[in-house]
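Participant: This is what each chain is made of:
Number of protein chains: 2
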Amino acid sequence: MKKESTSQGVKEIARRANVSTATVDRVLHNRTGVSEKTKKRINEIIKELDYQPNLLASRLASKKIISIAAVIPKVSEETNFWEAPLRGVKRAEAEIKQYGVHTQVFFFDLNDKDSFSSTIAEVLRGDFQGVLISPSYIEETKKFAAQCAERKIPFVFLDSDIPDLHSLSYIGPHLFKSGYVGAKLLTYRLDRNKKILIINISKEIDNFNYQKIEEGFRGYFADRGQPMEIVRIDIRETDYQSVARHLTYVFHLNKDIGAAFVTNSRVHTVASFLKNSHRTHVSLIGFDFVTENVSYLENNVIDFLICHRPEEQGYRGIMALYQKLVVNAPVSKLSYMPIDIVTKENYEFYQN
Amino acid sequence: MKKESTSQGVKEIARRANVSTATVDRVLHNRTGVSEKTKKRINEIIKELDYQPNLLASRLASKKIISIAAVIPKVSEETNFWEAPLRGVKRAEAEIKQYGVHTQVFFFDLNDKDSFSSTIAEVLRGDFQGVLISPSYIEETKKFAAQCAERKIPFVFLDSDIPDLHSLSYIGPHLFKSGYVGAKLLTYRLDRNKKILIINISKEIDNFNYQKIEEGFRGYFADRGQPMEIVRIDIRETDYQSVARHLTYVFHLNKDIGAAFVTNSRVHTVASFLKNSHRTHVSLIGFDFVTENVSYLENNVIDFLICHRPEEQGYRGIMALYQKLVVNAPVSKLSYMPIDIVTKENYEFYQN
DNA sequence: TATCTTTACGGGCACGTGCCCGTAAATTCT
DNA sequence: AGAATTTACGGGCACGTGCCCGTAAAGATA
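Going line by line, the protein sequences match chains Z and B. Quick note: the first sequence uses my numbering, first residue 1, plus one each step. Quick note: the second sequence uses my numbering, first residue 1, plus one each step.
It is possible that some hints are incorrect.
[Stated by the list, open to error] With a straight-line cut-off of 20 Å between C-alpha atoms, the simulated DMTMM-like cross-links for lysine to aspartate or glutamate are:
(1) Lys47(Z) - Glu12(Z)
(2) Lys177(Z) - Glu298(B)
(3) Lys333(B) - Glu348(Z)
FYI, nobody ran anything at the bench for these hints, they're computed from the structure.
Starting from the given sequences, assemble the full structure and let the hints guide the process.
Facilitator: Quick look at the structure:
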């Protein structure tokens with residue numbers, strides 16, 4: 001089992017074009033110093049042979065190191081959600097390290113806009129050829145995108161999207177559809193005459209996301225002409241006490257709530273409240289495979305979790321940049337993750 | 001951005017040990033021709049430096065081609081299920097081709113034991129260093145495993161497992177749990193006093209799989225002490241006419257069937273029957289993201305499909321062999337795929 | 001002791017690409 | 001026309017590893 005020894009690659013092209021490999025190389029990397037005539041001739045041969053450069057040799061010979069920055073929220077006490085994308089980033093890193101690609105992860109505090117800004121500034125000061133970023137704050141991200149455009153640095157949005165900023169790619173959920181699926185699951189066994197409660201717990205960040213999810217959720221009922229009575233509540237503090245206070249009030253006003261839909265991963269806080277107040281008959285659905293949520297899934301307090309393979313997201317985000325920067329292959333602008341349904345029965349095999 | 005020019009790898013080891021790179025190479029590949037003394041010295045340095053060979057250079061320099069065979073059923077009119085694993089295999093192939101790994105796919109007829117045997121024989125005649133195989137026929141697979149063991153060829157089982165044959169790895173679903181999830185989904189909105197029908201359509205192949213799935217299905221009710229009335233039927237012909245005939249009979253005998261569970265991807269045949277006989281009020285669940293099934297999902301005839309990322313399976317199967325043969329890294333013996341729940345609402349984002 | 005065999009190692013080319021450096025030839029400038 | 005500059009290209013080393021071949025030194029045999 002030997003490789004075929006037919007002279008391959010650049011050498012073969014050079015032989016056929018009657019030039020040296022250096023000249024072929026110049027054409028391949030469209031550098032200057034080649035006459036139009038020979039350039040054309042070489043390009044024809046390249047096409048004819050359907051030449052694919054040997055990545056091994058290429059990366060081995062190249063002294064360049066490509067640096068990619070990943071900007072994601074740090075794991076907080078509140079949620080360990082971002083552990084998963086981080087794992088994905090690390091997995092991708094390990095895989096492409098041998099190609100001379102270096103990744104550096106920057107963490108910011110999800111509850112602190114300044115931390116986001118300063119992290120971005122730090123990244124821009126560094127010499128990175130590509131950036132993977134979770135665009136948590138819209139205005140700051142816009143500025144960042146402008147800077148990247150100026151320096152021709154490709155960037156990929158992770159987990160939530162901000163359209164029209166010319167990102168290389170968006171990798172994350174289709175928010176509308178996620179809400180849609182949530183509605184389906186929630187009403188699967190719900191009485192028609194019960195009310196539904198939409199709960200949005202967050203400190204005013206990525207409104208855009210929640211809005212899209214809620215649209216999807218309501219869209220489901222619109223599509224089937226089922227005008228359910230839907231109550232909604234925004235809670236701007238994320239601690240248990242605040243959430244409990246607000247929820248107590250809502251449940252006091254609405255005695256006949258049969259189901260609750262939480263628009264993000266903080267569903268475990270609601271689960272905790274429902275359990276403590278002996279309201280576990282209320283169907284509960286939320287997002288993300290984080291430890292607290294899973295334990296309430298186990299206890300039957302949360303009925304379903306909707307997940308979007310966060311680890312896979314991290315992995316794909318880095319790989320998209322790798323494809324662009326190293327392989328120079330086209331990258332699809334939108335990469336929607338599957339909308340996974342996780343229950344008590346299948347969670348143990350769930351792979352982020 | 002330059003790579004650190006510190007002399008790396010084998011050369012550095014050689015320098016420290018005061019030998020040539022050839023000698024280090026001999027130690028690394030434990031070939032003969034090195035005295036115990038120097039061998040020990042070199043090994044110590046290797047450990048000290050935590051030397052990781054550069055795969056790029058290694059594969060580039062090596063003239064060896066590694067050949068992997070993949071043995072899977074061919075796509076039939078009956079089902080296009082195996083398209084997905086094939087895609088996965090191709091994807092893996094494209095990725096590792098540059099490392100001098102060559103894959104060849106062999107197809108057999110799922111309904112023809114002889115075709116399976118002869119394909120296996122063909123593979124064994126060829127010079128392959130690893131085999132990925134869908135072990136459809138148990139006895140034949142046992143013989144195959146014995147032959148592989150003799151020739152020290154690692155093999156990976158795909159989609160269904162036969163334990164105790166010392167496969168390098170099993171990549172596929174956890175069958176028991178899949179049945180368990182099916183039961184949960186089926187009964188989610190089922191009347192207590194309705195009967196459940198288990199349908200097994202197949203020509204006697206991989207009994208083992210169906211048995212495990214059914215165990216899981218029944219296990220769900222056992223766990224909750226819900227003694228549902230369960231009717232089961234085995235159908236040994238896979239064409240629509242035969243299935244319809246058998247089902248007509250069963251539904252005639254049992255007027256109060258509220259839900260049906262099909263143990264494999266042939267659920268679309270049942271869906272067709274239910275639709276034709278105006279029995280779409282019966283909940284229906286089955287397996288696999290194949291075209292026909294998806295269309296019945298769209299029509300609301302099939303409620304849920306349970307899927308196991310077949311493309312991912314094919315991909316991982318090849319990559320497991322790659323890990324073993326090229327990287328020489330350990331491979332986990334069991335790799336259970338997630339149990340995905342696919343509905344009308346989320347199927348469009350399902351990624352095999 | 002002279003010849004043959006074995007052991008233990010070093011030298012060096014090859015893999016395909018990147019890229020620096022050198023230089024005839026062509027072009028432009030005095 | 002001669003000098004200076006630019007253009008267009010070739011030679012060749014380097015990347016880290018695999019592996020063939022050659023050879024001193026040690027040991028075995030006559």
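Participant: None of the hints should be skipped; say for each whether it holds.
Facilitator: Against the structure, the hints come out as follows:
| no. | hint | verdict |
| --- | --- | --- |
| 1 | Lys47(Z) - Glu12(Z) | holds (13 Å) |
| 2 | Lys177(Z) - Glu298(B) | holds (15 Å) |
| 3 | Lys333(B) - Glu348(Z) | holds (18 Å) |
Checked against the numbered hints above, the structure breaks none of them.
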